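Protein chains: 2
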Amino acid sequence: MLSPRSVAVIGASDDPTRIGGRPLSYMISRGFAGPVWPVNPKRDRVQGLAAFPDVDALPGVPDAAIVAVPGALAEAAVEALGRRGCPAAIVFTAGYAEVDEAGQAAQARLVSIARGHGMRLLGPNCLGLFNAPLGYFPIFTASFENGWPAEPLPGRGRVGIASQSGAYGTHLFGAARNRGIATPVVVTTGNEAEVTLGDVIGWMAEDDGIEVIAAYSEGVREGPRFLEALEAARRARKPVVMMKVGRSALGAHAARSHTASIAGDDAVTGAVLEEFGVHRARNTEEMLDVAYAATPRIYPARNTLGVVSISGGAGVMISDAAEEQAMPMPPMPEDAQERLRVLIPYCNPANPVDCTAQVFNDMTLVGAFARAMVEDGGYTSLIAFFTQVGASPSLAAKLRAQLNAVRADHPDRLWVLSVLAPPERVREYEADGYLVFEDPSRAVVALAAQGRFGAAFARPPRAAVPLPTVTLPAEAPDEAGAKRLLEEAGLPAVPEAATAGVEEAVEAARRIGFPVVMKLLSPDILHKSEVGGVLLGVADEAAVRAGHARLMANAAANAPSARVTGILVARQVSGAVEVALGIARDPVFGPVAMVGLGGVFIEVLRDVALRRCPVDVTEAEAMIRSLRGFPLLDGARGRPRADVPALARALSALSAFAAAAGERLASVDVNPVLVLPEGEGAFAADAVIELG
Amino acid sequence: MLSPRSVAVIGASDDPTRIGGRPLSYMISRGFAGPVWPVNPKRDRVQGLAAFPDVDALPGVPDAAIVAVPGALAEAAVEALGRRGCPAAIVFTAGYAEVDEAGQAAQARLVSIARGHGMRLLGPNCLGLFNAPLGYFPIFTASFENGWPAEPLPGRGRVGIASQSGAYGTHLFGAARNRGIATPVVVTTGNEAEVTLGDVIGWMAEDDGIEVIAAYSEGVREGPRFLEALEAARRARKPVVMMKVGRSALGAHAARSHTASIAGDDAVTGAVLEEFGVHRARNTEEMLDVAYAATPRIYPARNTLGVVSISGGAGVMISDAAEEQAMPMPPMPEDAQERLRVLIPYCNPANPVDCTAQVFNDMTLVGAFARAMVEDGGYTSLIAFFTQVGASPSLAAKLRAQLNAVRADHPDRLWVLSVLAPPERVREYEADGYLVFEDPSRAVVALAAQGRFGAAFARPPRAAVPLPTVTLPAEAPDEAGAKRLLEEAGLPAVPEAATAGVEEAVEAARRIGFPVVMKLLSPDILHKSEVGGVLLGVADEAAVRAGHARLMANAAANAPSARVTGILVARQVSGAVEVALGIARDPVFGPVAMVGLGGVFIEVLRDVALRRCPVDVTEAEAMIRSLRGFPLLDGARGRPRADVPALARALSALSAFAAAAGERLASVDVNPVLVLPEGEGAFAADAVIELG
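These protein sequence lines map, in sequence, to chains A and C. Counting in the UniProt record's numbering, the first sequence runs from 1 upward without gaps. Counting in the UniProt record's numbering, the second sequence runs from 1 upward without gaps.
Any given hint might turn out to be false.
One copy or any two copies: either way a pair holds, since identical chains are not told apart in the list.
[To be verified] Simulated pairs of lysine to aspartate or glutamate, DMTMM-like, Cα-Cα distance not exceeding 25 Å: (1) Lys398 - Glu507; (2) Lys42 - Glu578; (3) Lys398 - Glu663; (4) Lys42 - Asp432; (5) Lys398 - Asp14; (6) Lys398 - Glu424; (7) Lys398 - Asp15; (8) Lys398 - Asp335; (9) Lys42 - Asp15; (10) Lys398 - Glu145; (11) Lys398 - Glu274; (12) Lys42 - Asp14; (13) Lys398 - Asp409; (14) Lys42 - Glu228; (15) Lys398 - Asp208.
Simulated from the structure, these hints should not be mistaken for lab results. None of these values were measured; they are calculated from a predicted model.
Put together the whole structure using the sequences plus the hints.
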C-alpha cells in the first residue's frame, strides 16, 4: 500500500485536473520509478502512457491499484483486481456508508470481496495517500496544483500524517509545509471500511522513513489494532501527536452528522491516548508545534526548563506557561547564581535568568549565561528569548556565535530560540540546530510535550496484570454476591454478613461490632435507598431487631414483588473519604475502569479518571492522583491522609476482575468505597454488578 | 507626551546606534515636523542638527524632552526642564527603583521634581515611545535598525500598544508588524514612577488615531486611573486586549524578582479586566489574534457563529472550539436546510454546513450556501473553511468571486476565511475585507472575543449602587454585632438573639423555635469552634440549660482570658446550600467581594468569583452563576433550586456595606450563608468583621 513497485489506475483520465487524472499526472511528473498502468476502456493512451481496457488486460499484477471509477463500476473493479492477486486497492469512489443504508451494504460487499482475495483496501470515499520520496502519489488532492514544490519535500523532520479526513489531512500537510516541516508520507483513510487509522499508524511506526506521527481522527473505529499501533510507535520511540475532534457536546453532535462513525466515548479515547503517551493536540497549530519540536528527536524523560532572556517580562510569561504545563523550572544552583551576579550586578540569575540590556554592550555575557544554565543548571530544555535581537544587523551574528559555541558542546539539549526574524534568518537558526518560536508560550507547550514523550518511551511496556479467575453467576448477583465476587478478586468489602433471620442478624452485628448498617438483600432491588432498604447507625441489639422488622415492612410496602433473600449487616465505618469505583464497557476499547471522589466531584464536576482494564497498582495510583479532588485524600481540610495505596490496590483489582470477566460483564459500580486513614485500608461499602 | 510640536534630546549622541543617538536618528529620518533640539555640552552639532550646551540654552520650551543622560545627571536635567516649563519628560535613565533602596529614593525625588513643575514623566528606566504618523520616535529600541520599514507603518488597523516592559513591548510591536497589523503608537512605561499604564490606556482611549488597545502588565500599580481608563475605552467602543503576566505561582514569583511591583492579587486584576470587558490574552499569539480580529471594528453584542466548510472534520473541530468559548452555533432554519439539501443532496446543512467536494464542480454552490447562512441563518460571525482551495490556480478566483458577492451585501458581519495561501494572496483576501486565519480554532477564539467586546460596549455604564450609611464600631464587633451591622446594610441573618444569662437563652430559644444553635459571644474569640464555642442541634429547654453550662466551661478552659459577653441563640436551618461570602481589601483596587460554595469548592478547588465593591444585584447574580459549583444551587443532585436572587441581594448588600465602610474595614467573612429553596431567602449564619 505504501511502497509498491507498480501501480494501476482504474478509471484513469487524460485530463490531469480530474480525479482520475491527478494521480497519474503527479506520478509521471514526480518520477515514480516503476510502471504505471492506466486502465481506460475508451483510450489507447492516457497522459502519454499506454492504456489498458480493463484489469484483466494489464501486463502484470500491480502492487497497488487506484480505483477512481463511478460507484456502479467500483465493485467490479475491486473484484477484478482481487482475482488477479493485487494486494492493495485505494478506493476514491464515494457513495457508501457516508450516504445511506444502501451505501453501507455496498461498502460491506466491497470489504468482503477484498478480504476474500486477501487484499487490503483503503477507503472507500478517501482522498488517497502519497509517499513522496518514491514519487508515489495515488491521491487526488489539488494541493500540488498550487505552485508549491512537492518533490523533493522541503523542510525538517520526517513527519507522517495519518488522517481520517482527506480535506483536513491535506490542510495539515499544507500547513506543515508552510512551517518548514517535511511530511514525506500522508495517508487519508476515508470511510475506513477495511484499512483503519490504527493500521496506518502501525505502518508508520515500522517505516524507517517516518520519525514522528501526526494523526487526525473523528472517532476510533477499531480498538485492538489501534492499541497495537500506539504501542509499536512507543517502542520505536516515535512520538504520536493526535487530534481527536468531537470532544465537546456540540462537536460530538457535528461528528455524528458528518460520519457514520460509531466512535466510543471521547473521554475513553482520551484516556487511551494518555496511556500510550500520545500528545492530544487541541488545534492544528499545537499539533504542528509539537511535531516540529519533535524533529530533533530529543525526548528527555525528566524534562526541566531553563530560560535565559533579555526581557524579565518574557521570563514571567514563560513561567506562567511552564506551571500550566507542569514543566519544572528549578532554580540555578546558588554558587552559579553568585558567579552570574558578578558578571552582571543587577541581573536575576535564578531561573528565568534575566541577563538584562547589559548584553547589548557585551554579547559574550550571553555565552557565559547560557553555558552556566546548561552546565550548572543541567536543564534539558532551554529557551533563549532574544526577540528582535535575533534579526539585528549589529547584534544577531554575535548572539548566534555565542549560543552556537555552547550548543556545540551540548547538542543533546532541546534548544529554543524565541526571536522575531524574517523567514530566511529563521531557516539559518534552524540549520544551526535551534527550534525557533516567535511566541515563547507556545514553545513551552511544545517542549513540555517532548518530555512527556520521553517519559512514555522510558516506561517499560505495560506489565501483564495477573487476572483472577472469574466465574460470573447466571444472573446479576445481589449486593452481597457482588461484593463476594469482588472480594475474591482482591477488592475487600466492609466487614459484613448476609443473614437469614433476625437472630442471625443480631449475632452478626455482635460479631462485627456496633454501630452497624443494615440493608435489604434482593436480586430485584438495584437501588436500595429508594425503597427504604438501608438503615444507618444501628446502635445496639434492640435496634437490630427493630430495624429488621422495619426493612421487611418497607420491602413489602415499596417493592412487593421483589424477592428478599435476607438482610446484610455491615460495620458502619466513619472518618473515611468516600470514593466511587466503576467499570463501563466501551464499544471500541472494551472494559474501562473509573475512579472519582464521591458527591459533587463526580456529579457536578465530572472529575473522574479513566483507564482501559486491567491497570496495575502504579497506574491505578496515578489515576487517583490525577483527580482534581485528590487533595481530599491527601490531607486537605485538616483530615488525616487517606490510604491511597489501598485504594489503588482496590482499583487495580477491580480492573483485573473486569478484564477477566469477559463480555457478559456490562458494568460494575462500587460506590462508595470507604478509604480509611493511611495504613487502615479501603473497603467497598456497596457494589452493583450488571450483566449483559 | 504623545503629540508634541517640538522635542529636546538631553544627552543627544552623534552616534545613531547609541541610546542618546537612536531617537534623534529616527526622528530625522522619519521626518518629525517640528524642531528637534539636541542637548550636548561637548558638541555644536549632533547628527547634523545644531546642538545646545544645556536646557537653559534651548531656543524655546520643548513640548517634550528625552532624558538620556547617565544617572547622576538625570535629576538636574529633569529639574532644568521643569523650570523652563516643559510639560513632558521621557526618562531612559536606569538605576532607580528596579535596583535598590537608594534607587527608590532617587526615583521619589524625580517624581517630586516633576510634580512640583506640573510635568508628566514617563519612566524612568523606560525604552520610550513612538507615534509613527508624526515621525515622533523618542525610543531607543534597535527594532528600526533591522531593515523593516517603520514609516509609513504598513498593515491593517490602528492598534496602540501600552507596555510596562520595553523589550516585550517592542517584541509585540515587531510580531504585530510581521502579522500585517499596524501599530502607529507604542508606549513603554518602565518603572511607572509617574505615568502609569492606566494613563497610557486613557490617552489611547481618547486618541482618534487608535482603534484597538493592546496592553501588557506585570502588575497594575495604580487603581483609580486604570479603572477610569478602561471605562473610557469601553465608552469609546475601543477593545482592550491585555496580557497580565504572573498568573501562576511560579510566574508571580518571577514577577516579584523582576520588578519592585506591589501588584495586587492577580485574580483581582483578572476580575477587574472582566468587569470592563477587557480580553485577557494568555499568550502573545492570542493577543495578536484578538487585536487583528478587532480591526474591522465589528463588535456584535449577540454574537453567533456560522461555519461553511468543505471539510466535515474542520466543522467538528470548530464546533469543539466554539463550545469551549461559549460561542453559540445555532442551527440553520429548517426551511433553509431543505433548500440547501436540494442543491447538494448529501450535504450537511445544519451548522457547521458541509458543502462537500461537490463545490469543486460548481463554485456557485459556495455563493448559494454562504448567502443562505448570512440571510437565513443570520449569523454575525462566519468562518468559511476552504484550506488550499484558497490558493488553487483553478478555483481560488471563483471562490473569491462567490464569497465577495455575498460579503458586499453584508459587510456588517465578521467574515473569516480559513485558507492556506501564500502571504501575497492572504493580503488580497484581507483587502477584500476578510480576516484570514490558517487555523480555524484560533479564529473561533478571536471571533468570540469580538462578541464579548460588543456585549461590554452595549452594557450601560455601571449603575451607581446605593450605599448604606455605615458606622463602624471602635473595635472589631463580636459575631452578633457583625451580623447586626450587616443586617442593617441589607444582609439578613438567621433569626437569633444575643442573650445574657441562661434564662434569657431559654426564652430566646422558645421564641425562635427548636432546634437551635448556641454559640459563645466574645470579641476576643474569632474562631469559636476551635474553643468548643458552638453547639448544634440543641433540641429543647433542658438542652439549652445544659448547653449554656457547657459553653461557659469550654470558654473558661480553652480561652480563659477572653471576655464572654453572652450566648447567641439562633435557629438551626436545614436543607440549605452553604455558601461563603467575603470581602477582602486589595492594595490596588480596594474592597473586593467574593462568593464561593462552601466546603471543597473553596478549599480544594478555589472556585470563587470576585468583583470590586460595590456590585449591583445583576452583577452579583452573574458572579454566582459563573461558579463551577453553581449547579448545586440550581437543582443538581435532586435538590430543590436554591434562592439565588436572595443570595445575589445578600452579596450586593455586603459589597455596598464594604464600599461604604471606608478604609478601616479590613475584611468580612460571612460563612456560611444558608441559601434556602427558591423564595425562602438566604441568611448569614456566621459573620466575622476585621478592622484595620
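Taking the hints in turn, this is what the structure says about them:
{"no.": "1", "hint": "Lys398 - Glu507", "result": "neither (88 Å within a copy, 87 Å between copies)"}
{"no.": "2", "hint": "Lys42 - Glu578", "result": "neither (75 Å within a copy, 81 Å between copies)"}
{"no.": "3", "hint": "Lys398 - Glu663", "result": "neither (67 Å within a copy, 55 Å between copies)"}
{"no.": "4", "hint": "Lys42 - Asp432", "result": "neither (55 Å within a copy, 45 Å between copies)"}
{"no.": "5", "hint": "Lys398 - Asp14", "result": "between (57 Å within a copy, 24 Å between copies)"}
{"no.": "6", "hint": "Lys398 - Glu424", "result": "within (18 Å within a copy, 33 Å between copies)"}
{"no.": "7", "hint": "Lys398 - Asp15", "result": "between (55 Å within a copy, 20 Å between copies)"}
{"no.": "8", "hint": "Lys398 - Asp335", "result": "neither (27 Å within a copy, 66 Å between copies)"}
{"no.": "9", "hint": "Lys42 - Asp15", "result": "within (14 Å within a copy, 78 Å between copies)"}
{"no.": "10", "hint": "Lys398 - Glu145", "result": "between (42 Å within a copy, 16 Å between copies)"}
{"no.": "11", "hint": "Lys398 - Glu274", "result": "neither (43 Å within a copy, 44 Å between copies)"}
{"no.": "12", "hint": "Lys42 - Asp14", "result": "within (11 Å within a copy, 81 Å between copies)"}
{"no.": "13", "hint": "Lys398 - Asp409", "result": "within (18 Å within a copy, 55 Å between copies)"}
{"no.": "14", "hint": "Lys42 - Glu228", "result": "neither (45 Å within a copy, 78 Å between copies)"}
{"no.": "15", "hint": "Lys398 - Asp208", "result": "neither (38 Å within a copy, 42 Å between copies)"}
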